[in-house]
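Undergrad: Residue-level listing of the chains:
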Amino acid sequence: AQTVTQSQPEMSVQEAETVTLSCTYDTSESDYYLFWYKQPPSRQMILVIRQEAYKQQNATENRFSVNFQKAAKSFSLKISDSQLGDAAMYFCAYLSGTYKYIFGTGTRLKVLA
Amino acid sequence: DVKVTQSSRYLVKRTGEKVFLECVQDMDHENMFWYRQDPGLGLRLIYFSYDVKMKEKGDIPEGYSVSREKKERFSLILESASTNQTSMYLCASSFLLNPGVGLRHREFFGPGTRLTVL
Chain A
5 AQTVTQSQPE MSVQEAETVT LSCTYDTSES DYYLFWYKQP PSRQMILVIR QEAYKQQNAT
65 ENRFSVNFQK AAKSFSLKIS DSQLGDAAMY FCAYLSGTYK YIFGTGTRLK VLA
Chain B
83 DVKVTQSSRY LVKRTGEKVF LECVQDMDHE NMFWYRQDPG LGLRLIYFSY DVKMKEKGDI
143 PEGYSVSREK KERFSLILES ASTNQTSMYL CASSFLLNPG VGLRHREFFG PGTRLTVL
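Chains A and B supply the protein sequences, listed in that same order.
Note that the first sequence covers residues 5 to 117 in the working numbering.
Note that the second sequence covers residues 83 to 200 in the working numbering.
Be aware that one or more of the hints could be misleading.
[To be verified] Computed list of lysine-lysine pairs in DSS-like fashion (alpha-carbon distance at most 30 Å, straight line):
{"id": "1", "chain 1": "B", "residue 1": "LYS95", "chain 2": "A", "residue 2": "LYS82"}
{"id": "2", "chain 1": "B", "residue 1": "LYS135", "chain 2": "B", "residue 2": "LYS100"}
{"id": "3", "chain 1": "B", "residue 1": "LYS100", "chain 2": "A", "residue 2": "LYS104"}
{"id": "4", "chain 1": "A", "residue 1": "LYS82", "chain 2": "A", "residue 2": "LYS104"}
{"id": "5", "chain 1": "B", "residue 1": "LYS100", "chain 2": "B", "residue 2": "LYS137"}
{"id": "6", "chain 1": "B", "residue 1": "LYS95", "chain 2": "B", "residue 2": "LYS139"}
{"id": "7", "chain 1": "B", "residue 1": "LYS139", "chain 2": "B", "residue 2": "LYS153"}
{"id": "8", "chain 1": "A", "residue 1": "LYS104", "chain 2": "B", "residue 2": "LYS139"}
{"id": "9", "chain 1": "B", "residue 1": "LYS153", "chain 2": "A", "residue 2": "LYS77"}
{"id": "10", "chain 1": "B", "residue 1": "LYS95", "chain 2": "B", "residue 2": "LYS85"}
{"id": "11", "chain 1": "B", "residue 1": "LYS95", "chain 2": "B", "residue 2": "LYS152"}
{"id": "12", "chain 1": "A", "residue 1": "LYS74", "chain 2": "A", "residue 2": "LYS114"}
{"id": "13", "chain 1": "A", "residue 1": "LYS82", "chain 2": "B", "residue 2": "LYS85"}
{"id": "14", "chain 1": "B", "residue 1": "LYS85", "chain 2": "A", "residue 2": "LYS114"}
{"id": "15", "chain 1": "B", "residue 1": "LYS135", "chain 2": "B", "residue 2": "LYS153"}
{"id": "16", "chain 1": "B", "residue 1": "LYS152", "chain 2": "B", "residue 2": "LYS85"}
{"id": "17", "chain 1": "A", "residue 1": "LYS104", "chain 2": "A", "residue 2": "LYS77"}
{"id": "18", "chain 1": "B", "residue 1": "LYS135", "chain 2": "A", "residue 2": "LYS104"}
{"id": "19", "chain 1": "A", "residue 1": "LYS104", "chain 2": "B", "residue 2": "LYS137"}
{"id": "20", "chain 1": "B", "residue 1": "LYS153", "chain 2": "A", "residue 2": "LYS104"}
{"id": "21", "chain 1": "B", "residue 1": "LYS85", "chain 2": "A", "residue 2": "LYS104"}
Since the hints were made in silico from the structure, they are not lab data.
All chains should be modelled from the sequences, with the hints used to inform the complete structure.
TA: Take a look at the structure:
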């Protein structure tokens, strides 16, 4: 069965610095999607970034980028120039072949002024 | 913008009560989902629906049922609420991007309902 692991329950970063959130997953599938979702304190979950497994190029969305290592089954999120508004719970998620997402347990990111 | 709304942000119920959580999406999405979110456990899928009147069990369906009579509305029902169902409940809807060109999902979440069962 597929699993998603986020080993960092909580992380802190100084404003304007860079932080990397870790995610590993386990699957025997070759075609799948990986996501990072952000859940701010107001609770509405929003999509941050998505990576298709067949693409070798790492996805980037403004200050957010991923380091996708398919062989190592690793999918980390890098946030550059961290802002106070980046403070949130971040969930890594996996999707393959069905409607069911598999979510990690989340990493709470604190941004220090 | 896609909107997924949930009927309540906060709800307090008593043990044994029947509880209805409503979710509505306004973008004609085929798929709708109910998750519960608990600290240290992430999001766990309770039920999902890929069409009107269709439903499938997720990972933790026990103690819950669902109803989807209209495409835009997906209801989660707790037949007899128990204290271990105190949790945050998130509804989501999704659609296929470029159907026929691989599986390309985009999922949208509601704001959540914090349910407390006393």
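Undergrad: Hints first: check each against the structure and report whether it holds.
TA: Hint check:
no., hint, result
1, B:LYS95 x A:LYS82, "violated, 41 Å"
2, B:LYS135 x B:LYS100, "holds, 21 Å"
3, B:LYS100 x A:LYS104, "holds, 27 Å"
4, A:LYS82 x A:LYS104, "holds, 25 Å"
5, B:LYS100 x B:LYS137, "holds, 20 Å"
6, B:LYS95 x B:LYS139, "holds, 24 Å"
7, B:LYS139 x B:LYS153, "holds, 18 Å"
8, A:LYS104 x B:LYS139, "holds, 10 Å"
9, B:LYS153 x A:LYS77, "violated, 36 Å"
10, B:LYS95 x B:LYS85, "holds, 27 Å"
11, B:LYS95 x B:LYS152, "holds, 26 Å"
12, A:LYS74 x A:LYS114, "holds, 28 Å"
13, A:LYS82 x B:LYS85, "holds, 28 Å"
14, B:LYS85 x A:LYS114, "holds, 28 Å"
15, B:LYS135 x B:LYS153, "holds, 9 Å"
16, B:LYS152 x B:LYS85, "holds, 16 Å"
17, A:LYS104 x A:LYS77, "holds, 19 Å"
18, B:LYS135 x A:LYS104, "holds, 18 Å"
19, A:LYS104 x B:LYS137, "holds, 13 Å"
20, B:LYS153 x A:LYS104, "holds, 19 Å"
21, B:LYS85 x A:LYS104, "holds, 20 Å"
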